[in-house]
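Peer 1: Read off the chains here:
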Amino acid sequence: MEVKLQVENEILDKIKHTFHSAEVSIPRKQRVEVKLRNDLIHPFLAYLKDTLGFKHLSHISTVDWLEEKEIELVYIVMNYDNLVEVIAKIRLDREKPEIPTLREFWPQVETYEREIHEMYGVNFLGHGNLTDFILEDWEGIPPMRRDFDTVKYAKETYFNRPGREDAQDVRTTITKKSGEEIPELAKVYSVRHLE
Amino acid sequence: MEVSYDKESRKIVQAIERFARKHSLWVLAYGTGCGAIEVPPTMTSRYDAERFGIRGAATPRQADVLLITGYLSVKTLKRVIRTYEQMQDPKYVIGFGSCTINGGMYWDSYNTIKLLDMYIPVDVYINGCMPRPEAVISGFIELQKVIAEGKAEGARKYKENLDWYRANQQKIIHNWNMPDYNW
Amino acid sequence: MDSSTWIKILGYIITPITAFVVGVTYGGIVRVITARVQNRFGPPITQNFWDIIKLYSKKTAVHHGLMQHWGPIFAITASVTSLFFIPVLKDSPLWLNNSFNGDIIFLLYMMVFGSLGMALGAGQTGNPNSAIGVARGLALMVGYEVPFVLALVAIMIQFKTTSIAELMAVQDGFSNWLIFQSPFAFIAAILAFLGMMHYAPFDVTFAPAEIASGPASEFGGKYLALMQTSGSIFTFAKLVLFTDIFLGGAGDLVTLIVKTFLLYMIPVLTGIVNPRYRTEQAITFFWKWPTVFGIIAILIVVL
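Protein chains in written order, with numbering that gives the first Met the number 0: chain A, 0 to 194; chain B, 0 to 182; chain C, 0 to 302.
Careful, some of the hints might be misleading.
Stated by the list, open to error - Only pairs whose alpha carbons sit at most 27 Å apart, straight line, appear in this in silico BS3-like list of lysine-lysine:
{"#": "1", "chain 1": "A", "residue 1": "Lys151", "chain 2": "B", "residue 2": "Lys156"}
{"#": "2", "chain 1": "B", "residue 1": "Lys150", "chain 2": "C", "residue 2": "Lys221"}
{"#": "3", "chain 1": "C", "residue 1": "Lys287", "chain 2": "B", "residue 2": "Lys10"}
{"#": "4", "chain 1": "A", "residue 1": "Lys28", "chain 2": "A", "residue 2": "Lys68"}
{"#": "5", "chain 1": "C", "residue 1": "Lys58", "chain 2": "C", "residue 2": "Lys221"}
{"#": "6", "chain 1": "A", "residue 1": "Lys68", "chain 2": "A", "residue 2": "Lys48"}
{"#": "7", "chain 1": "A", "residue 1": "Lys95", "chain 2": "A", "residue 2": "Lys34"}
{"#": "8", "chain 1": "A", "residue 1": "Lys68", "chain 2": "A", "residue 2": "Lys13"}
{"#": "9", "chain 1": "B", "residue 1": "Lys144", "chain 2": "C", "residue 2": "Lys89"}
{"#": "10", "chain 1": "A", "residue 1": "Lys95", "chain 2": "A", "residue 2": "Lys68"}
{"#": "11", "chain 1": "C", "residue 1": "Lys159", "chain 2": "B", "residue 2": "Lys158"}
{"#": "12", "chain 1": "C", "residue 1": "Lys221", "chain 2": "B", "residue 2": "Lys10"}
{"#": "13", "chain 1": "A", "residue 1": "Lys48", "chain 2": "A", "residue 2": "Lys13"}
{"#": "14", "chain 1": "A", "residue 1": "Lys154", "chain 2": "B", "residue 2": "Lys170"}
{"#": "15", "chain 1": "A", "residue 1": "Lys151", "chain 2": "B", "residue 2": "Lys77"}
{"#": "16", "chain 1": "B", "residue 1": "Lys77", "chain 2": "C", "residue 2": "Lys58"}
{"#": "17", "chain 1": "A", "residue 1": "Lys15", "chain 2": "A", "residue 2": "Lys54"}
{"#": "18", "chain 1": "C", "residue 1": "Lys58", "chain 2": "B", "residue 2": "Lys150"}
{"#": "19", "chain 1": "B", "residue 1": "Lys6", "chain 2": "C", "residue 2": "Lys159"}
{"#": "20", "chain 1": "A", "residue 1": "Lys154", "chain 2": "A", "residue 2": "Lys176"}
{"#": "21", "chain 1": "A", "residue 1": "Lys154", "chain 2": "B", "residue 2": "Lys77"}
{"#": "22", "chain 1": "B", "residue 1": "Lys156", "chain 2": "C", "residue 2": "Lys258"}
{"#": "23", "chain 1": "C", "residue 1": "Lys58", "chain 2": "B", "residue 2": "Lys144"}
{"#": "24", "chain 1": "A", "residue 1": "Lys13", "chain 2": "A", "residue 2": "Lys34"}
{"#": "25", "chain 1": "B", "residue 1": "Lys6", "chain 2": "C", "residue 2": "Lys58"}
{"#": "26", "chain 1": "C", "residue 1": "Lys258", "chain 2": "B", "residue 2": "Lys158"}
{"#": "27", "chain 1": "B", "residue 1": "Lys156", "chain 2": "B", "residue 2": "Lys144"}
{"#": "28", "chain 1": "A", "residue 1": "Lys34", "chain 2": "A", "residue 2": "Lys15"}
{"#": "29", "chain 1": "A", "residue 1": "Lys154", "chain 2": "B", "residue 2": "Lys150"}
{"#": "30", "chain 1": "A", "residue 1": "Lys13", "chain 2": "A", "residue 2": "Lys54"}
{"#": "31", "chain 1": "B", "residue 1": "Lys156", "chain 2": "C", "residue 2": "Lys221"}
{"#": "32", "chain 1": "B", "residue 1": "Lys158", "chain 2": "A", "residue 2": "Lys151"}
{"#": "33", "chain 1": "A", "residue 1": "Lys88", "chain 2": "A", "residue 2": "Lys15"}
Simulated from the structure, these hints should not be mistaken for lab results. None of the values given here were measured: they were computed from a predicted structure.
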């Protein structure tokens, strides 16, 4: 096991040596997870790209931590030589999420940042093109935030065909109508769904 | 006497028109949702919809049938309305897949419309998620029956109830920035 | 008026109708053949009639300007006028025979007129696809007109005549057909004919998957029906012209149908199995081999 994770451990050591405040772990083979301070994300990604050879930005993902009042940005970068992916995580204030853009590192992040801006309301400073992307004329809180009630919004905004008010389990509905018994095997799933 | 003769001749003309309309349906190739992937097999060798006179049209001006293939987001609905209003009478709409009927698997989505017929008139619905090419062809044959009976009056309905449709459309499209078409 | 005048007037009515029916039927047959080549069943042969009737029965409420309404009318005027000056049958009182000295040159101009009218009409619709289609169509026309004119000039020099009727009179036997008397001119003309019919590989003008049917993209309903009618008549006119010049004309309708159909199969069968040339590739093609054959034909005649 130790031998197999040699490359990952080397990267872990280098990161730890350079960024003392970073929490680094290896969740599994070919993955290195790094938790960073907000202001360190730019130097960190620059270090990965220029020194360690992580040329490829795979994705920027976002997690809304409603209870902790934080929004987490997840940057996934990859190295083509040893196929290791580094997952860099930063946490922003949920009330006013702001972070400088990454466009000068990878031009293609423009699309990711526009989408994150639209869906989570994260403001990317210096981006320059944070206009409507997928949603047009959206008003109110961004739809992918967890305090946004999508069912309520859909019911208020759109028309609903009668008979489609609830998301009932199909099997339960059918058995209710026909009076047939649910088989024991299927009951497990149905009951779990109803709870 | 003359009036009855006139009526008779109009009946004959109407019968010919309906027969021609029924046997020549030009479909606008406008892929709105995932159902667009079912249209190429319908048109090509295996299912060959051209047997029934169903053919792809290149532009809305030439098309008879608007095939709404799947879910419509607010953004796509805007384009669909513009496309529909550019088509020339008589025009028909086929709602394709359960998303157009009641929202389908997007029943709770914040950005997908649930009832297509509140925004544009629909002549025939094809259910399924997704309908197979056989179902698509059977839907077209249903449309042919409706046309032959003279009941495919979606375009007239749209023109007569334009205010109602506009109100529904403007309820979700807030910045109404669309040209008016002079049908 | 005596009976011959009445027969002539009848001819003016019957000829375009026959051309329309034959042209549209050929179109239907082409769709069936295409379907069979693609391993499909295909539409009925009458499909194109239903399409055209449906298009005529559609309402049309599009207005972009005067030329948009005149464009299809120019096209159909040009096709019908071209048809009137092409002898359909040899020595027939009913079918039109308006041949005169110089009608080949007249037809060369007349056949371009419709395309130019369509270009003006399509240009006014303001659709970018139309503009691209028009530009491509005119460029392609510059390509195929060169070998076509070269071939006709070779024939005109060879037989010292500019009249189609006299050319038909020259070809009195099977071995005297111009296809055997001046084969190089025929090769140049038939290659130009491929471009004239707008089938693949020279279908860059209408390119449905690429620029949404090109010049016709803003035309629907009755305008499109007019354009299809004009196209069918023009197809028949061109086929009869080629039959008259190279295949010795026809004495009766059955011979005419057989000859024109065989001639029509050349661009159709080429088109089914070929992909699409880009505009510059098409023009390069026309200015290479067909032009060389046309020049060879002229040189053989002159030297």
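Peer 1: Is it true that the CA of Lys154(A) sits at most 27 Å from the CA of Lys170(B)?
Peer 2: 13 Å, holds
Peer 1: So if I understand the rule, the pair passes when the alpha-carbon distance is 27 Å or less; does Lys58(C) with Lys144(B) pass?
Peer 2: 21 Å, holds
Peer 1: Check the hint pairing Lys58(C) with Lys221(C) against an upper bound of 27 Å on the C-alpha distance.
Peer 2: 7 Å, holds
Peer 1: Has the given pair, Lys156(B) with Lys221(C), been kept, meaning a C-alpha gap of at most 27 Å?
Peer 2: Holds. Lys156(B) to Lys221(C) sits at ~23 Å (cutoff 27 Å).
Peer 1: Within 27 Å, alpha carbon to alpha carbon, are Lys95(A) and Lys68(A)?
Peer 2: 10 Å, holds
Peer 1: Checking one constraint from the list: CA of Lys150(B) to CA of Lys221(C), max 27 Å. Satisfied?
Peer 2: This hinted pair holds, its Cα atoms lying about 23 Å apart.
Peer 1: Straight-line Cα separation of Lys156(B) and Lys258(C) no greater than 27 Å?
Peer 2: 51 Å, violated
Peer 1: Does the structure keep Lys287(C) and Lys10(B) at a Cα separation of 27 Å or less?
Peer 2: Measuring from Cα to Cα gives roughly 58 Å; hence the hint is violated.
Peer 1: Mind checking the alpha carbons of Lys6(B) and Lys58(C) for me, to see if they're no more than 27 Å apart?
Peer 2: 21 Å, holds
Peer 1: Is it true that the CA of Lys144(B) sits at most 27 Å from the CA of Lys89(C)?
Peer 2: Violated - the C-alpha atoms of Lys89(C) and Lys144(B) are around 49 Å apart, more than 27 Å.
Peer 1: Just to be careful, I want the Cα atoms of Lys154(A) and Lys77(B) compared with a cutoff of 27 Å; is the pair within it?
Peer 2: Satisfied, since the Cα-Cα distance of roughly 20 Å is no more than 27 Å.
Peer 1: Verify the proposed pairing of Lys151(A) with Lys77(B), using a straight-line Cα cut of 27 Å.
Peer 2: 23 Å, holds
Violated hints, in rising order: 1, 3, 4, 6, 8, 9, 11, 19, 22, 26, 29, 32; the structure is consistent with all others.
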